[in-house]
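Novice: Protein chains in written order, with numbering that gives the first Met the number 0: chain A, 0 to 904; chain B, 0 to 188; chain C, 0 to 174.
Please note: incorrect hints may appear among the correct ones.
Below, simulated DSS-like cross-link-like pairs (lysine-lysine); rule was C-alpha separation at most 30 Å, straight line [what the hints assert, rightly or not]: (1) Lys173(A) - Lys736(A); (2) Lys155(C) - Lys736(A); (3) Lys619(A) - Lys18(C); (4) Lys485(A) - Lys414(A); (5) Lys619(A) - Lys177(A); (6) Lys736(A) - Lys718(A); (7) Lys177(A) - Lys342(A); (8) Lys18(C) - Lys863(A); (9) Lys255(A) - Lys736(A); (10) Lys155(C) - Lys255(A); (11) Lys863(A) - Lys173(A); (12) Lys342(A) - Lys173(A); (13) Lys661(A) - Lys173(A); (14) Lys628(A) - Lys18(C); (15) Lys422(A) - Lys480(A); (16) Lys249(A) - Lys155(C).
To be clear, the hints were calculated from the coordinates, so they are not data collected in a lab.
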Amino acid sequence: MTDNDQSRKSILRRDFLRLSATLAGATAAGSLLSCAATEPSSPAARDQLLEQVRSTRLNYSRARAVPTICFGCTTHCGVIGWVEDGRVKLIEGNPLDPNSQGTICSKANGLISATEYPERLLYPMRRVGPRGSGRWKRISWDEALGEIADRLRPLRENGTPERFVFQYGRDKTKGFSKRFTDAFGTPNRLNRRSICSSSRRAPLMSFYGRDFEWESQDVENTQYVLNFGGNPMEAYQGGMFMRKRLMDAKVDRGAKLVTFEVRPTATASVSDEYFAVNPASDGAIALAMAHVIVREGLEDRDFWDRWSTWDFAEMSAHVASFTPEWAESESGIPAATIERLAKEFGAAAPACCTMSNRGSAKHYNGMQADRAIRMLDVLVGNVGKPGGFCLSTLRGWNNRYGQDGLPVLSQPAPKPASPSPWKPGTRQFETLAPEIQERVRNFPQMWQDKYFGELATPSEYPLSWHWYSMRVGQLVYPYIKEGRHKVDLYMSYTLGAAYGMPEANLAREVLADESLIPFHVAIDINYGEQASLADIVLPDATALERWDAHSNNNYGLRPYTGIRQPLVEPLGEARPAQIIWRDLARLIGGGMEQHFDFEDLEDYYREWYKNLPIDWETFKRDGIWYDDKRPLDYELYDRAVLPEHLVGAETDPDTGVLYQTKGGKRKAVGIMQDGRAVQGFPTPTRRIAVYDPIFPLAADHVGLSLDDGNASPIPTYHKVPEHKNLGVDDYILTTFKWNVHTQGRSAYWKHAAEIVHTNHAMMAPETAVRLGVVTGDEIDITTYRPKGVAYRANESDPVGTVRNRVRIIPGMHPRVIAQAHHAGHWEHGVVARGGDTAPSGGSSGMAANTPGRDELSRQIWWSKERGGTGGGVAINHVYPINAAPLVGGQSWFDNVCTVSRVDAV
Amino acid sequence: MDLAERAPIYAWLARLLVCEIDAEAWRQLGTARDVLVQLEPALADELAGQLTPSRCEDLAEEFARLFLLPNGVSPFASSWIAENQASESIRDEISMMVGQGLLALGHQAVHREPWGRLPQDHVAVLLDLVASAQLSNDATANEIAGHLDQQLLGAWLLAFGSALAQSSREPLYRALGQLTVELHTVSPQ
Amino acid sequence: MSDPTRYAPRPAPYEAVGKRAPLAPDRPGFLVDLRRCIGCHACSVACKTVHEVELGSFPLRVRWLPDPGGDTYSFVPVFSESLCTDDAESLAVGMEPACARACPTDALVFGDFAAAGSLLGLAELESDIRRLAGPDATDLKQEVVYRALPEWVGAKLNQGAALDPKDEDPIYEQR
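Produce the complete structure using the sequences and hints provided.
Specialist: Okay, here's the thing in C-alpha cells:
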C-alpha cells in the first residue's frame, strides 16, 4: 500500500470511459506489434481459431521436425526439435548421429527452458551505476557495438592488440571466435580448459599425439571396463555414446564394469563392482595392476615391443616396486582385489579398456595417474582393437591423420592470419618481466615459435600449450592482478568465472577493479554473475536460435559432421555471437571487415560445408552426414601410409620412422613394421610415447625439480604433497557434476532445477558420527592451501570457509566431503536462486509474502520459505586455485579441509 | 467495463509497457493525466511539463529493472500462469492463439526495433493483439478478441498490475500498475 | 576389419509422422527394465517439457533409492496413475510416448499388454517381472511392470511419484 492511498480515490468508471474515448480517437494508427498481412487470412483459418478452445499439446502433424545439435553439455549430440507456432516444444535424439544414435539426456530439453526463460537477457544493456551495482539500462545494438568498437580500434591502431583479452567458457562456434580474435590480432583468446580436462588430455596426447586428444572406448564390443573415477552415466564429455552401448554390453553380453570412485555415482550404482578409493590413489592402483599383469605374463609383448617407446625390461623393473600390497596401503583397496581385477582385465584382453575422466586426473599427481592408467591398455594390447581403447580421427576435417577420403571442411576464405609469436626483440616480448624473458629465451625453438605472453601461453606451464592451446584459465585473474599483462578491454563469452572459477572471489575482485579491467563486455544468454560485473552486456542467441558448424570426437569410431541450425528466430534483440563479432569487425575496420564479408549467416556455413558430397538442403534436412561405406576407425595406426606421403620419403634405419620433406620441412609420416610402411601414431616417434621425454624437458625449463613426480618421463606414482601426514581431523573436499546439470549455466533450467537445486555437503555415515552431526546440521568447512609447487602453496592461512548443511550418503569414502557445483547462485534469476528474491547487487526484489509474487516464483516448491532446501550455497571461494605443474590442470579434488559443526545459538 | 471500452486503453498500455518512456510515450501519458494523477498525485507536476533528459534516464533504468532483468516484475504471462497437466494449458493456448490469432486476423507479427521479436506471451503483445482485434470493424475479429481477452489476459493481468503497483520505485509505473488493476475492478457507476 | 553397415539408424521421427498408423493399444502400458535404467531423468524432463507440466507435479519421476545396507542406488522410474496420459498426442501419430522415446538405454518400453507375442504381451509371464506396490504409495500407475525390481523398493516409496516430505531420495534432497 502506498502512502498516497489516503488521498487517492479509486478510479471511477466514467474516468475510464473518458480516457477510453480520448484514446479511441487517437489510436487510429493501428496495432503496435502486428501489421496487416499482404494476403488476407481465410475464413477457414478464423473458424479454426474459434473452434480450438481446448488446445492439445504439441501437435506432431502440424509441427516441423528440424534437426540441430544440442548444447546441453560439450558432447553436442545430434537432436531433433519439434517446432510449432514459433516455439520449440520438444527435443529428442537424431538417430543419424553415430555417437549418440538418437539418444538424449535430460539436458537436451533444458535448452527449451533456457530459450523461454522469462528472465533471459533479450537486449544489449549498459550499466548506469558503479560496476557491480546491478543498475542497467537498455541500449541499442548500434550504441553498444559502436562504443565497443571505439574502444577496441585504438588498440589495433596503436599496435597493442594483445590488450584486448577474450575469454570463453563454452565456445562451440568452431573457430568463429578465433576468426575474430585473429583478425583483431590478439593472441589472448583464453579459455577454461584447465579447470576442465587438460590434465587428462595431456597424458593422452603424450602417448598418442595431438590428434588423439580424446579416446573412444569401444564399449559396444567390450567385455571388461576398468573405470577410474569416470561417470559416463551422469557427467562425462562424450559420455552419451557410452550409455546405451555399455548398458547393452553389460546386460546382454555380461560385460563387466568395475568403478573406482570416492562417492556413489550413477555409474558406480550400475557397476558390477564399486570401490571407494582413497582420493588421488588411482595411479597407485593402475601401477600395481601393471605389476600383476607383467608378473602373470598377461601382457601383449608383441604389441608392446612394436609400439611402445619404453623398453619392456625397463618398464618391468619400474613396476616391480608397485606391488598390490603397497597399492593397498595407498588406496585402501585390498591387495587380493587388485590382483584379481588385474588378472580379469588381462584375461579379457583385447576386448577390455580403461576409462578415466576425470576423477583420476584432477590431482597434483593426476597427470601421472592417467599415464599409468593409459599404460594398462598398451600393456595388454587393446589399443584400437574391437572392445578396446580406441582412437578415432580428430574432429574437424582438414586432411589430418586418419582423414584421408573425408571432405575438407574449413572456414570460408579469407581466413585471417594468426598473430605472430612474441619472439625476443619484439615489442611484446619487451613488456615481459625480466625473469619471464629469461625463461622464454631459453625455451626450445618449438616453444618460442608459439609463445604469446603469459595469459595465452603461461611460461611456467609449457605443457598447457605444447600440444595445443589448453592454457591455464584459472591463473588469468591472478596474473592480471599481479600485473603480468595489461588489459584494456576484456570480453567474456558464455563464461561463469565470477561464479565458478576456483577462488571465484578473486575473479570477482579483479573484474570489479576498473584499474585492472578498464572495460568489460559480457556476451551471454542469461544474466549471471559474470554479466553482473560487466559494463556492457550483449544478449547471445541460444542454441535453438543459431547456426554453428559441428564437429566432435567420433565416439562411434565413425567420422561424422553435423550442422546446428536455427529452429526459431532469436527472441527480443538477441543475436548470434557470430553476427555480433561480424558487426564489430566491420565497425572496427582496418581490414578486419574482409574476413566477415557475408550478410546471411547461412551463406557462410553453406560455403564452409561446400565439399560435402550431399547438397545443402539435404544436409539441413538430415542434420548429420557420415560416409556409411567407410570402415570404422579401428587400428588406424596399422593402416598403410598414404601414397602421397611415400613420395620421396626416407626411412631412418635405427627407428624405422619414415620422413617426408615438403616445403623445406621434415615431417614423420609413418613407420616400418614388418616391412610394411604403416601410419603408426601421430607422435614424433610414430610410436606410443609411454616413455616421453617432454616431461623432464618441461620441468627443466621451468625449474621444477626432477624429483617431482610431474617431471617423470615414465608413468609413476607420487603422493599429493598435502595428503602426506593428514591429521585425523583432516578431510578431502571434492566437487562434482550431476546428470541433470551442466556447469553453472543450467541452474535456471526449471526442470533441471526442480530435480537438483542444492549442493549439501555429502559425507559417509561414519564421517558424520566422527563429526557429531546428522543430516541437516550446519557445518563450516575450511580449506587450506596446497603444498606442492602451486599458486600460494604452503601459505598457512586458510583459503576460506563455507557454511553448508550435512547430507549423509552411504557409500561415500569416509575421508571425503563432496559438494556439487551448479547451485548457490546469486544471479541468473529466481529459479537459479531457489525462489530467493533477495537483493543482488543493489536491486531489490519483492518480499516473500508479497501477494504480487509471480507464479513462477511461487512454483519453486523447494524454496526456503516453503520449507525446502533453497538454491544451495556458493562454494567456489573455498576451492583454492591449484594449477598442477607443467600442464596446469586444476586439482579440483585435492583440497584438504577441516570441518566443524555450527552449534545453534 | 466491456472489452470495447477497455480496448483503447489496452492499446495505450501496450505502448507504455513495450519499451522505455520516450517523448512520444510521454505525450501519450499526458492523455491520461487525470487518471494517473488520481492514482499518484506526485505525478501532477511532472506530467504537466516535458520529459527531461535526466528523468528519461531514470525511467529507462526503472524500465530495465522491472522488465528486462531478474528480480523485477516479469512481463511474461508464462511467469504468472500455472501450467497444468490436467486442465487446459493456458501457455499452449497463448502460443497457438497468438500465432493463429494473427493469422486469423490477417496480421503478421513484426519485429520492430527496439524490442525485436517479442516472446509471444509478453504483456504488450497480448494487450496489443486483443486491442487491435477488438478495434477492427469485423464481427469475427471482435469475437476472437473477446475470447483472447478472457483466456489470454484474464488469467494474470490483475496479478501483474498489482505487482507492478507495489514493486516499482517510480510513481509512474506504480500508477500504470494500479490502473491495470482498477481497469478490471472498477465498479459500474 | 569391421562391418561399416553394422550401425543402421532407426528412422527419424520426421519420417514417421503422417506415414504411420496411430498406435491404439488395447491395454497400453510400460515395461521398465531396471537392469538398464541409469537414473538420467531424460524421460521425466521430456514428459514435463512437452506436456508443460507445472513444477511440483510429476506424471513420471525417477527415484534414486539407496540400496539397503549397500553403498549405491537403485533407479526406479515411478508413474502416476492420475497424471500420466500415455502421451496420446504421440500415439496419434504412430510414435511411442515421449518418455519412452527419450530413454537412452531402452529401459523404458511402451507397448500393449494385450498384444500376444509382443514384448509387453509376454512380459507378465516372465519370472523377474513384477508390479510395483507399496503400502504407503498411492496413485501408482496400474499398467506398469518392472523387470529386476528389488523386493524392498515398495516399502521405500512413500507416495510414489508425488513429492513427499518423508522422501528418501537423499541424493536429491527434496526437502
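Novice: None of the hints should be skipped; say for each whether it holds.
Specialist: Do the hints match the structure? See the list:
1. Lys173(A) - Lys736(A): holds (25 Å)
2. Lys155(C) - Lys736(A): holds (26 Å)
3. Lys619(A) - Lys18(C): holds (21 Å)
4. Lys485(A) - Lys414(A): holds (27 Å)
5. Lys619(A) - Lys177(A): holds (25 Å)
6. Lys736(A) - Lys718(A): holds (25 Å)
7. Lys177(A) - Lys342(A): Violated. Lys177(A) to Lys342(A) sits at ~48 Å, over the 30 Å cutoff.
8. Lys18(C) - Lys863(A): Violated, at roughly 50 Å.
9. Lys255(A) - Lys736(A): This hinted pair holds, its Cα atoms lying about 24 Å apart.
10. Lys155(C) - Lys255(A): Holds, at about 29 Å.
11. Lys863(A) - Lys173(A): Violated, because 42 Å separates the two Cα atoms, which is more than 30 Å.
12. Lys342(A) - Lys173(A): Not OK: Lys342(A) and Lys173(A) at ~43 Å, beyond 30 Å, violated.
13. Lys661(A) - Lys173(A): This hinted pair holds, its Cα atoms lying about 28 Å apart.
14. Lys628(A) - Lys18(C): Holds. Lys628(A) to Lys18(C) sits at ~28 Å (cutoff 30 Å).
15. Lys422(A) - Lys480(A): holds (24 Å)
16. Lys249(A) - Lys155(C): Status holds; Cα separation ~27 Å.
Hints 7, 8, 11, 12 from the list above are not met by this structure, while the remaining hints are.
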